[in-house]
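Build the complex: two chains, separate frames, hints provided.
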Amino acid sequence: GAVVSQHPSWVICKSGTSVKIECRSLDFQATTMFWYRQFPKQSLMLMATSNEGSKATYEQGVEKDKFLINHASLTLSTLTVTSAHPEDSSFYICSARVPTGAISYEQYFGPGTRLTVT
Amino acid sequence: QKEVEQNSGPLSVPEGAIASLNCTYSDRGSQSFFWYRQYSGKSPELIMSIYSNGDKEDGRFTAQLNKASQYVSLLIRDSQPSDSATYLCAVTLYRGQAGTALIFGKGTTLSVSS
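These protein sequences, in sequence, are chains A and B. Its first residue numbered -15, the first sequence is counted upward by one per residue in the working numbering. Its first residue numbered 68, the second sequence is counted upward by one per residue in the working numbering.
Bound conformation, chain B alone (with noise of 0.2 Å):
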């Protein structure tokens, strides 16, 4: 089972409209969470951490977390042009004496349509 699950899209919204982004993760014991932007040919951009249960709001994103279901969600509200990147969740790993890491996702390729 892979520990991080991303639609890989592409995912298109027209400019001003709400893109979703959704992730699962496999391992129960993960405590934090992360959203990062990556732009075609440069390194991921964090643009949001959540760690516990509920909402997160900054600006026009929304992070969204149930641990409950294993699920992590972002929303992009009044979407830009701009924003048209790949979108990599990302999860907390404990795997004992390897210590702790951040695991990644795909990616889900955001395409903002002016």
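Next comes chain A alone, as it looks inside the complex (with noise of 0.2 Å):
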């Protein structure tokens, strides 16, 4: 399968600060990607699609001038989280897409960057 990559795997930040985490699709173009989000023991969850060249689409109840997102290139995305909080502490999950046929495609995904806020 495809390689998507992430960095950092972890970070903790004070609250207030602003975490950087970077998407990498390492042996193939991606002109989508994804952010997930998921807390302790409960499913992903959207929070945007990144178009290469665009702007992102935000979920409905993401806040798009919280959660930055810029897809500069056709093998990286990024999701700065601004002014983080306690509450945004989750595991932050990218992943890309990858056609396998004319209107059908398999989804990457990322390692993930664990994100703690104090």
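Read the hints as simulated data drawn from the structure, not as lab findings. Hints may be right or wrong, so weigh each one.
[Said to hold, decoys possible] Taking lysine-lysine and the DSSO-like style, the derived pairs with C-alpha atoms no more than 30 Å apart in a straight line are:
| hint | chain 1 | residue 1 | chain 2 | residue 2 |
| --- | --- | --- | --- | --- |
| 1 | B | Lys109 | B | Lys123 |
| 2 | A | Lys50 | B | Lys109 |
| 3 | B | Lys173 | B | Lys134 |
| 4 | A | Lys4 | A | Lys25 |
| 5 | A | Lys4 | A | Lys39 |
| 6 | A | Lys25 | A | Lys50 |
| 7 | B | Lys173 | A | Lys50 |
| 8 | A | Lys(-2) | A | Lys25 |
| 9 | B | Lys109 | A | Lys25 |
| 10 | B | Lys134 | A | Lys25 |
| 11 | B | Lys134 | B | Lys123 |
| 12 | B | Lys173 | A | Lys25 |
| 13 | B | Lys109 | A | Lys48 |
| 14 | B | Lys109 | A | Lys39 |
| 15 | B | Lys123 | B | Lys173 |
| 16 | A | Lys48 | B | Lys173 |
| 17 | A | Lys48 | A | Lys(-2) |
| 18 | A | Lys4 | A | Lys48 |
| 19 | A | Lys39 | B | Lys173 |
| 20 | A | Lys(-2) | A | Lys39 |
| 21 | A | Lys50 | A | Lys4 |
| 22 | B | Lys173 | A | Lys4 |
| 23 | A | Lys(-2) | B | Lys109 |
| 24 | B | Lys109 | A | Lys4 |
[Unchecked claim] To list a few chain A residues with every Cβ distance to chain B over 10 Å, as calculated:
| hint | residue |
| --- | --- |
| 25 | Asp49 |
| 26 | Ser67 |
| 27 | Asp72 |
We treat Cβ as the ideally placed atom computed from N, Cα and C, and that holds for glycine.
Okay, structure coming up:
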């Protein structure tokens, strides 16, 4: 399968600071990437869809000014959590879509970034 | 109505048995269906994709899709303790201007005892 990397794998930051998470597709070009968040013992919740060269599409209830997404190249998307608060502590996972046919695709996930805000 | 539903489990099976995981979805327009495995503290790993009605086999895994019943399942044959994980069912959902997204169920926890 396709390889997606994320950096950092874990980060601890103080309340009020900003944190940037990078997501890279290593062996393919990804025009579309996705950012998910997962709280303990809950399922993955889609936060936003990141499209190369255009603005991200945010899911309902996700603050676009707080979670800044940049997809500047076909292999890199970044998520910046601005003015982080303890309730933003979570497991953030990016994924990228790989076409498998004319209309079908598979979606591969990065290893995730565990964010702890103190 | 929840978009993707799974029994949370835990589903416990002995080593060597067949584990059967089920999932239902609400959108009749969904075209692509996936099973992911997630170990505790790790990100999901794609194990099966299925797009048309019927069965699809890959090693010890068989995915089954019935679009009329809006039902997708995963069978794991000869279950091993290393199969113990949470299995996530995911379905593509077309949301108009918001585009197509992969929506996940809450997952079924599988425990395989040796």
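Hint check:
{"no.": "1", "hint": "B:Lys109 x B:Lys123", "verdict": "26 Å, holds"}
{"no.": "2", "hint": "A:Lys50 x B:Lys109", "verdict": "25 Å, holds"}
{"no.": "3", "hint": "B:Lys173 x B:Lys134", "verdict": "20 Å, holds"}
{"no.": "4", "hint": "A:Lys4 x A:Lys25", "verdict": "24 Å, holds"}
{"no.": "5", "hint": "A:Lys4 x A:Lys39", "verdict": "17 Å, holds"}
{"no.": "6", "hint": "A:Lys25 x A:Lys50", "verdict": "24 Å, holds"}
{"no.": "7", "hint": "B:Lys173 x A:Lys50", "verdict": "26 Å, holds"}
{"no.": "8", "hint": "A:Lys(-2) x A:Lys25", "verdict": "24 Å, holds"}
{"no.": "9", "hint": "B:Lys109 x A:Lys25", "verdict": "12 Å, holds"}
{"no.": "10", "hint": "B:Lys134 x A:Lys25", "verdict": "29 Å, holds"}
{"no.": "11", "hint": "B:Lys134 x B:Lys123", "verdict": "14 Å, holds"}
{"no.": "12", "hint": "B:Lys173 x A:Lys25", "verdict": "9 Å, holds"}
{"no.": "13", "hint": "B:Lys109 x A:Lys48", "verdict": "26 Å, holds"}
{"no.": "14", "hint": "B:Lys109 x A:Lys39", "verdict": "29 Å, holds"}
{"no.": "15", "hint": "B:Lys123 x B:Lys173", "verdict": "23 Å, holds"}
{"no.": "16", "hint": "A:Lys48 x B:Lys173", "verdict": "25 Å, holds"}
{"no.": "17", "hint": "A:Lys48 x A:Lys(-2)", "verdict": "21 Å, holds"}
{"no.": "18", "hint": "A:Lys4 x A:Lys48", "verdict": "14 Å, holds"}
{"no.": "19", "hint": "A:Lys39 x B:Lys173", "verdict": "29 Å, holds"}
{"no.": "20", "hint": "A:Lys(-2) x A:Lys39", "verdict": "28 Å, holds"}
{"no.": "21", "hint": "A:Lys50 x A:Lys4", "verdict": "12 Å, holds"}
{"no.": "22", "hint": "B:Lys173 x A:Lys4", "verdict": "27 Å, holds"}
{"no.": "23", "hint": "A:Lys(-2) x B:Lys109", "verdict": "24 Å, holds"}
{"no.": "24", "hint": "B:Lys109 x A:Lys4", "verdict": "20 Å, holds"}
{"no.": "25", "hint": "Asp49", "verdict": "19 Å, holds"}
{"no.": "26", "hint": "Ser67", "verdict": "26 Å, holds"}
{"no.": "27", "hint": "Asp72", "verdict": "18 Å, holds"}
Comparing the model with each earlier hint shows no violations; every hint is respected.
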